[in-house]
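So the protein sequences, as listed, match chains Y and C.
So in the numbering used here, spot 99 of the first sequence is number 99, and the numbers just go up one at a time.
Adding 507 to a residue's 1-based position in the second sequence gives its number in the numbering used here.
Worth flagging that the hints you see were computed from the coordinates, not collected in a lab.
A couple of the hints might just be wrong.
Unchecked claim - One side only, chain C facing chain Y, incomplete, derived with CB under 7 Å: (1) 524; (2) 527; (3) 563; (4) 565; (5) 567; (6) 587; (7) 590; (8) 591; (9) 597; (10) 618; (11) 684.
Built from N, CA and C at the ideal position, the CB exists for glycine as well.
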Amino acid sequence: MSRVAGNTATFARLTWFNVVRLLRNPLLVPGSVAGSFLFVYPLWSVPAVTWRSWYNDLTYSAIAVGAVMFALVAFPATREVRYAHRLVSPLGLKGRVLSLMTASVLVSTLLLGALAGLVYWLSGPPLPGTLSPPAHPAPFLVAAAGPLLSIALVAWTRSYVPVVVAVLAVPAYTLYGASMMASRLDGMARVDLARFAMDPFHLHLPSVTGVAALYLVYLVLVVAVLVLLTLAARGHRAFRAVCLGTAAVLLAGVVGTVAHGRQTYARATPIPDSQVHGARGPSCQVRDGITYCPLPGYESWVEGWHGVLEPNLALLPEVPDERMPVVWQNSFSYNRDLEVPEDRDVMVHDYREGHQPHWRAQLVGDAARVALGVPDLYDSLCQGTNDARLMVVAWLLSTGDGMSRFEEREIIATSLFSYRPSPADLELSLALAELPVERVSEVLERNWERLSSSGGTSQEFAELLGVRLRETSARPASPEDWARLFPGHGYEHHLGEVRVPSAPACD
Amino acid sequence: MTTATTTTAPVHVRGLVHRYGTHGALDGVDLDLGPGVTGLLGRNGAGKTTLLRCLATDLEATNGELRLLGRDPGRAAERTEIRRRLGYLPQNPEFYPYFTAFGLLDYMAVLKELGGRRARHDEVRRNLDRVGLHDRRHSRIRRLSGGMRQRLGLASALLGDPEVLLLDEPTIGLDPEQRIRFRGLVSELAVHSTVVLSTHQIEDVAALCQRVVCLDAGRVAFDGTPDELVDRARGHVWERDGHPGEGYTAWRLADGRYRVLTPAGVAPGDTDGLEPVEPSLEDAYLLITGVEEGRR
Numbered sequence: 001m002s003r004v005a006g007n008t009a010t011f012a013r014l015t016w017f018n019v020v021r022l023l024r025n026p027l028l029v030p031g032s033v034a035g036s037f038l039f040v041y042p043l044w045s046v047p048a049v050t051w052r053s054w055y056n057d058l059t060y061s062a063i064a065v066g067a068v069m070f071a072l073v074a075f076p077a078t079r080e081v082r083y084a085h086r087l088v089s090p091l092g093l094k095g096r097v098l099s100l101m102t103a104s105v106l107v108s109t110l111l112l113g114a115l116a117g118l119v120y121w122l123s124g125p126p127l128p129g130t131l132s133p134p135a136h137p138a139p140f141l142v143a144a145a146g147p148l149l150s151i152a153l154v155a156w157t158r159s160y161v162p163v164v165v166a167v168l169a170v171p172a173y174t175l176y177g178a179s180m181m182a183s184r185l186d187g188m189a190r191v192d193l194a195r196f197a198m199d200p201f202h203l204h205l206p207s208v209t210g211v212a213a214l215y216l217v218y219l220v221l222v223v224a225v226l227v228l229l230t231l232a233a234r235g236h237r238a239f240r241a242v243c244l245g246t247a248a249v250l251l252a253g254v255v256g257t258v259a260h261g262r263q264t265y266a267r268a269t270p271i272p273d274s275q276v277h278g279a280r281g282p283s284c285q286v287r288d289g290i291t292y293c294p295l296p297g298y299e300s301w302v303e304g305w306h307g308v309l310e311p312n313l314a315l316l317p318e319v320p321d322e323r324m325p326v327v328w329q330n331s332f333s334y335n336r337d338l339e340v341p342e343d344r345d346v347m348v349h350d351y352r353e354g355h356q357p358h359w360r361a362q363l364v365g366d367a368a369r370v371a372l373g374v375p376d377l378y379d380s381l382c383q384g385t386n387d388a389r390l391m392v393v394a395w396l397l398s399t400g401d402g403m404s405r406f407e408e409r410e411i412i413a414t415s416l417f418s419y420r421p422s423p424a425d426l427e428l429s430l431a432l433a434e435l436p437v438e439r440v441s442e443v444l445e446r447n448w449e450r451l452s453s454s455g456g457t458s459q460e461f462a463e464l465l466g467v468r469l470r471e472t473s474a475r476p477a478s479p480e481d482w483a484r485l486f487p488g489h490g491y492e493h494h495l496g497e498v499r500v501p502s503a504p505a506c507d
Numbered sequence: 508m509t510t511a512t513t514t515t516a517p518v519h520v521r522g523l524v525h526r527y528g529t530h531g532a533l534d535g536v537d538l539d540l541g542p543g544v545t546g547l548l549g550r551n552g553a554g555k556t557t558l559l560r561c562l563a564t565d566l567e568a569t570n571g572e573l574r575l576l577g578r579d580p581g582r583a584a585e586r587t588e589i590r591r592r593l594g595y596l597p598q599n600p601e602f603y604p605y606f607t608a609f610g611l612l613d614y615m616a617v618l619k620e621l622g623g624r625r626a627r628h629d630e631v632r633r634n635l636d637r638v639g640l641h642d643r644r645h646s647r648i649r650r651l652s653g654g655m656r657q658r659l660g661l662a663s664a665l666l667g668d669p670e671v672l673l674l675d676e677p678t679i680g681l682d683p684e685q686r687i688r689f690r691g692l693v694s695e696l697a698v699h700s701t702v703v704l705s706t707h708q709i710e711d712v713a714a715l716c717q718r719v720v721c722l723d724a725g726r727v728a729f730d731g732t733p734d735e736l737v738d739r740a741r742g743h744v745w746e747r748d749g750h751p752g753e754g755y756t757a758w759r760l761a762d763g764r765y766r767v768l769t770p771a772g773v774a775p776g777d778t779d780g781l782e783p784v785e786p787s788l789e790d791a792y793l794l795i796t797g798v799e800e801g802r803r
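All chains should be modelled from the sequences, with the hints used to inform the complete structure.
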């Protein structure tokens, strides 16, 4: 048996020995699962149904696995460094420490792989969205960094320092958090501190190849630095100098990578689809006159959006092409660089909100405002008091199924509130919700040109419908009006926040 | 290291020198050791442990020639091969306290490349049996007594029946029964293997060793059979009723008389009351390492 083959076989056997012993540790699997659960559980309120959310869950699980292994690997690491450093065996100390590192990486990978599979299975595949290939190994490297850091610490201190750190970390972190709150500092500061080491870039985008590649390079360099620092802790002076020198060079690479990444992908950097993994050709498609521009990998969601919009817009008599909405999907994590007509755009996101009434109302309301030419308040300040178009929007929102009466009123109020409706507007919006759909449709059909123009008023609409309004004031509703017409919704308390007290009428 | 000479001895040492900084621990040791048990004797600091560590490839000699099993431990490839065929029990071995007895030997057996899992476990069980620790195989090492740990260390050195077995103070902490068991084990192994036993327990040497090497200040002061060592002491060991006074190595015996050693070539000044007695191996050892040093 040649020396290399013999050493490789011994290395493999020892690695397997270490893997088995680590897996037999009674704290490893329960600790990792519990840690993952604690980290990921808050995110489960929104089902993890996209590759991005699955990836986020996986990254949090990786942190949990890495943290648990950080503490547990300290024991075998101490065994090698402190108790077996004088051991005479074919495999030397460096080989044995490398074997333990390999075993730790294998175990963390195995555990995280199992958790990834579990979360994937719970998510109900297939998942929309994309993951760039360089993003795949990143969580596994995050998990591996925990035990590797532990081994490095043990190699330098020859003690159970990682165990002490792990035991003290929880109360220390709690105290730190309490002191931050006591000093009224933003709690995010401590989160950012912890996150920075984990991901020092502005953007965390597993679907964008450039960002994912930079993150992968960063993690590979960090892991390599940890391995070199561990090896440098023992051995001849020349060997240690070489290891430390190489580690310093790699550390410079880490800093350079982070600096480059933060500069290239600043927080608000618009990212075109061409940089997203899996983007193929034009991303937009037209259905029944409505344009949909999903993010790469989210094409399957178009059906859901169209299923919500089409029946509602179909209730409007005739919407010219230049007023048909363009539904485009932006990322929750970055600004998508996509050309869309500014006065027709309806933005949706890449996280699944299900088909809850509020999400549906947001989508239908935005699309209806585009179809009716009502400006978006984010784009131009205007006042929609006594505007018939807003009544049409409110009516469309009330036609949704599966809402309680309170939800229905809440959605109507939400859609009108910022436009400063009059008491008559509020009363009409409630009356519209009670009328048969066919009757309102008929009135719209016959008076579409007038009611879809900026000149059409709520009073006209009410008269055309034959609705008698008790409220006569055409001035914006006061807190008392809100409390009277929408009792229990609390809008009367928020009137001061409306930013258009004397804005021009919406054109 | 100097150029190698052809040798068939499993342990071949020529002019071995080792220094810790400016302190010389070994100062030109020459040895050729073959199958059988060789006792390594010497006072504290004589260089026994340093020599064993050099033989165990744990320590690189400063100078000299060393061949183990025909290989040069100065070359990495050959050193690895030597380590595969070598058993070493260091002085005061430290064990990872969270291992069980079985776990430790299994770990050592993995490192010694002992076959597949089943064969390895068989070998582990055999060696636990050999040292009488089979019943404690699932005990954590931190729960074992000092003597048990010593036996465990011995079992780890015996794994795979190594061709060269180096034992540094192996019987410390062993009770008489275990010591007898140990002697049986080593004798059995020494039929085919080269065993080097560094010890202060002269009775172990007397019972086990076909050959004795006495080290003194890093040099070989004696190299021969136990009988030859005893012969050297003949005519230099005495007993008398009272203490002979300053200048003699003497100690009180159980019966109240004094045993007196006189260095070779030196006649006691006052022979009054001195009765010549048959020397023991211990007398001879003391004469080699103590009295002669005192004379210088």
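Here is how each hint holds up against the structure:
1. The beta carbon of residue 524 of chain C comes no nearer than 20 Å to any beta carbon in chain Y, farther than 7 Å, and the hint placing it at the interface is violated.
2. Below 7 Å, beta-carbon pairs count as interface contacts, and residue 527 of chain C has none with chain Y, the closest being about 15 Å; its hint is therefore violated.
3. Among the interface hints, the one on residue 563 of chain C holds; its C-beta lies about 5 Å from the nearest C-beta in chain Y, closer than the 7 Å criterion.
4. The interface hint given for residue 565 of chain C is met, as the beta carbon of that residue sits about 5 Å from the closest beta carbon of chain Y, less than 7 Å.
5. Given the 7 Å rule on beta carbons, the hint for residue 567 of chain C is violated: about 10 Å separates it from the nearest Cβ of chain Y.
6. Checking residue 587 of chain C against chain Y by beta carbon gives a least distance of about 5 Å; that is within 7 Å, so the hint holds.
7. Interface restraint check: residue 590 of chain C against chain Y, minimum CB-CB distance 5 Å, threshold 7 Å, status holds.
8. A cut of 7 Å between beta carbons decides the hint on residue 591 of chain C: the least distance to chain Y is about 5 Å, and the hint holds.
9. For residue 597 of chain C, the suggested interface contact is upheld, since its CB lies about 6 Å from the closest CB of chain Y, less than 7 Å.
10. Using the Cβ-Cβ criterion of 7 Å, the hint placing residue 618 of chain C at the interface with chain Y is satisfied: the shortest such distance is roughly 4 Å.
11. About 28 Å separates the beta-carbon of residue 684 of chain C from the nearest beta-carbon of chain Y, more than 7 Å, and the hint is not met.
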